[in-house]
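Undergrad: Listed here are the chains, written in short residue letters.
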Amino acid sequence: DAGVIQSPRHEVTEMGQEVTLRCKPISGHDYLFWYRQTMMRGLELLIYFNNNVPIDDSGMPEDRFSAKMPNASFSTLKIQPSEPRDSAVYFCASSSRETLNTGELFFGEGSRLTVL
Amino acid sequence: DQQVKQNSPSLSVQEGRISILNCDYTNSMFDYFLWYKKYPAEGPTFLISISSIKDKNEDGRFTVFLNKSAKHLSLHIVPSQPGDSAVYFCAASANSYDKIIFGKGTRLHILP
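Protein chains in written order, with the numbering used here: chain X, 11 to 126; chain B, 6 to 117.
By construction, these hints were calculated from the structure, which means they are not laboratory data.
Ideal placement from N, C-alpha and C gives every residue a C-beta, glycine not left out.
Any given hint might turn out to be false.
[To be verified] Using C-beta positions, here's what the derived DEER-type ranges look like:
#1 Arg-22(B) x Gln-27(X): 46 to 52 Å
#2 Tyr-44(B) x Ser-76(X): 40 to 46 Å
#3 Asp-73(X) x Ser-17(B): 39 to 45 Å
#4 Ile-23(B) x Asn-62(X): 23 to 29 Å
#5 Met-34(B) x Pro-80(X): 28 to 34 Å
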């Protein structure tokens with residue numbers, strides 16, 4: 011299996027622009043998580059899905075952030091408009107019920123976002 | 006409000022010695038605890054976990070200790086090896102299928 015695939019790996023954009031981050035989870039995994047890593051706050055959970063349905067989005071910072079999972083093999087995290095404080099590494103992770111039972115998430119390599 | 010706290014941003018340990026990474030939590034509902042390891046430019050990877058019904062779990066060179074009364078857990082690495090240099094994240098969840106909350110991480114440097 012190729013693992014969790016995220017794109018783009020790096021994104022540099024200007025303040026006010028729309029940013030879309032993409033994630034393909036591991037086939038067969040029915041849980042998908044979006045995390046953000048910053049120096050100040052470490053790894054923050056933004057939102058997670060189960061069977062393509064958002065279960066908890068309480069970590070989404072504000073209305074500028076939105077996430078969708080139109081099918082079991084694809085999810086997007088969108089920031090519109092982007093701001094410099096959104097600069098961070100965004101990780102997508104997936105898991106199955108069995109692996110989540112032991113707390114194991116499978117992370118992608120992350121998308122490093124820089125907003126100028 | 007950090008529910009999982011790793012108060013040491015970094016730690017340096019001589020190769021061959023024991024590395025001890027510490028973690029505190031505030032939410033008494035947490036019943037499952039985990040450690041993840043992260044290398045630069047990679048995503049975190051699962052290392053070891055412990056349920057709240059246990060106070061120790063061992064996997065090779067890695068042992069996690071849980072002190073529920075103190076709301077404290079620690080990860081011991083013995084002996085420390087150069088490949089152990091990474092960022093270690095402590096994490097916790099309130100039940101198996103709930104969201105997993107991570108700490109800020111501790112950067113471990115293994116010195117030759």
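Undergrad: Hints first: check each against the structure and report whether it holds.
TA: Consistency of the hints with the structure:
1. Arg-22(B) x Gln-27(X): 46 to 52 Å: Once the Cβ atoms are compared, 49 Å apart, the range 46 to 52 Å for Gln-27(X) and Arg-22(B) holds.
2. Tyr-44(B) x Ser-76(X): 40 to 46 Å: violated (30 Å)
3. Asp-73(X) x Ser-17(B): 39 to 45 Å: holds (43 Å)
4. Ile-23(B) x Asn-62(X): 23 to 29 Å: At 45 Å between Cβs, range violated.
5. Met-34(B) x Pro-80(X): 28 to 34 Å: Distance hint for Met-34(B), Pro-80(X) holds at roughly 33 Å.
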